[in-house]
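> Kindly produce the complete structure, drawing on both the sequences and the hints.
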Amino acid sequence: MSTTSAAMPAVGQPAPDFTLQATPEQTLSLAQLRGKPVVLVFYPADWSPVCGDQIGLYNELLSEFARYDAQILGISVDGSWCHAAFSRDRKLNFPLLADFEPKGAVAKSYGVYEPHAGVSERALFVLDAEGIVRWAYVSPIGINPGADGILDALDKLPGKSGLPS
Amino acid sequence: MSRLIALEDDDHVQGPRDAGLVLIEYGDFECPYCGEEYPEIKAAQQAMGDALCFAFRHFPLRNAHPHAELAAEFSEAAATIGRFWEMHDRLYENQQALDQGSLVGHAKQLGFDDKLIESALNGDFAARVQKNFSGGVRNGVNGTPCLFLNGRRYDGARDTQSLLQLFREVAAR
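So the sequence lines, in the order shown, correspond to chains A and B.
In case it helps, my numbering puts the first sequence at residues 124 to 288.
In case it helps, my numbering puts the second sequence at residues -2 to 170.
Hints were generated in silico from the structure; no laboratory data involved.
Each hint should be verified, as a subset may be incorrect.
Incomplete in silico selection of chain A near chain B, CB under 10 Å [to be verified]:
| hint | residue |
| --- | --- |
| 1 | GLY179 |
| 2 | LEU274 |
| 3 | ASP275 |
Away from chain A, derived, C-beta distances all over 12 Å, residues of chain B [unchecked claim]:
| hint | residue |
| --- | --- |
| 4 | GLN11 |
| 5 | GLY12 |
| 6 | ASP15 |
| 7 | PRO36 |
| 8 | LYS39 |
| 9 | GLN42 |
| 10 | ASN60 |
| 11 | ALA76 |
| 12 | ASP86 |
| 13 | ALA94 |
| 14 | ASP110 |
| 15 | ASP121 |
| 16 | ARG135 |
| 17 | ASN136 |
| 18 | ASP152 |
| 19 | GLU166 |
Positions of the beta carbon are idealized from the N, C-alpha and C atoms, including for glycine.
Below, the structure written as structure tokens:
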């Protein structure tokens, strides 16, 4: 991957594939998740000091995401051991991927790397089951975007099944 | 994220529903930031009197705060005997005492009978709490406390003086 940032993938474009550490021992590739919607959550850093933070909020919503058969993935430049400690501390039940080496390469491929701070922006992507970007949103870095935009985007995916109205 | 959030018939409110200023809080009884916010809002309510309507909705972060859900359910049980706000205040004034035994103690102090306590422990009020939570997610709640003034999410400073300043600005529009 290049060291310069690409443009954000537009709605209707395929999401750039990646393979990242999901735990210190395991990797996860985006392509492995083909067949189910994916929510990509790029965020600046683990250990946000706010208790109602974005990652904690999404952790409370896993049953909502499950109703869409959607897989949510957090991505930051923190290393996998850092993610493991953060996940354990906050009792997180979804994968946090380490965009650690080369640093921020995946964030750059999605056009959401913030080079001055050296972290990812707070960006959300909803991909359909074919890996096509269906919704993208970049939040001001200090503002937690919540989950309403994600759920609205999941509602609009074609061919969703088994959903309550 | 631009929907206007309106009062609903089953909201718990203090102040007239048709007040010019309607403040809705999504809160969690075990959240320390909500605990800090509690006296700030109370002071703002006292200063504003009937010009302000305040509503509270539940947004328990159950993984982060293991007692928040049951506390919310007990407050809904209190509502059935007209004592929601007394329970709301009591829980925020005693955030260190939210385990099940403490909740039952608060309930007895507020005049719950055994049947109501049993009902609260049986999850009879869980659906009501969940309705608030799910609605909050859809309304763009992004953590707790989350405030909406006249339908719009407010992300600014939440101390009493800042709230009063905000109320003056919104009232002048």
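> Which of the stated hints cannot be reconciled with the structure, identified by number in ascending sequence?
10, 16, 17 and 18
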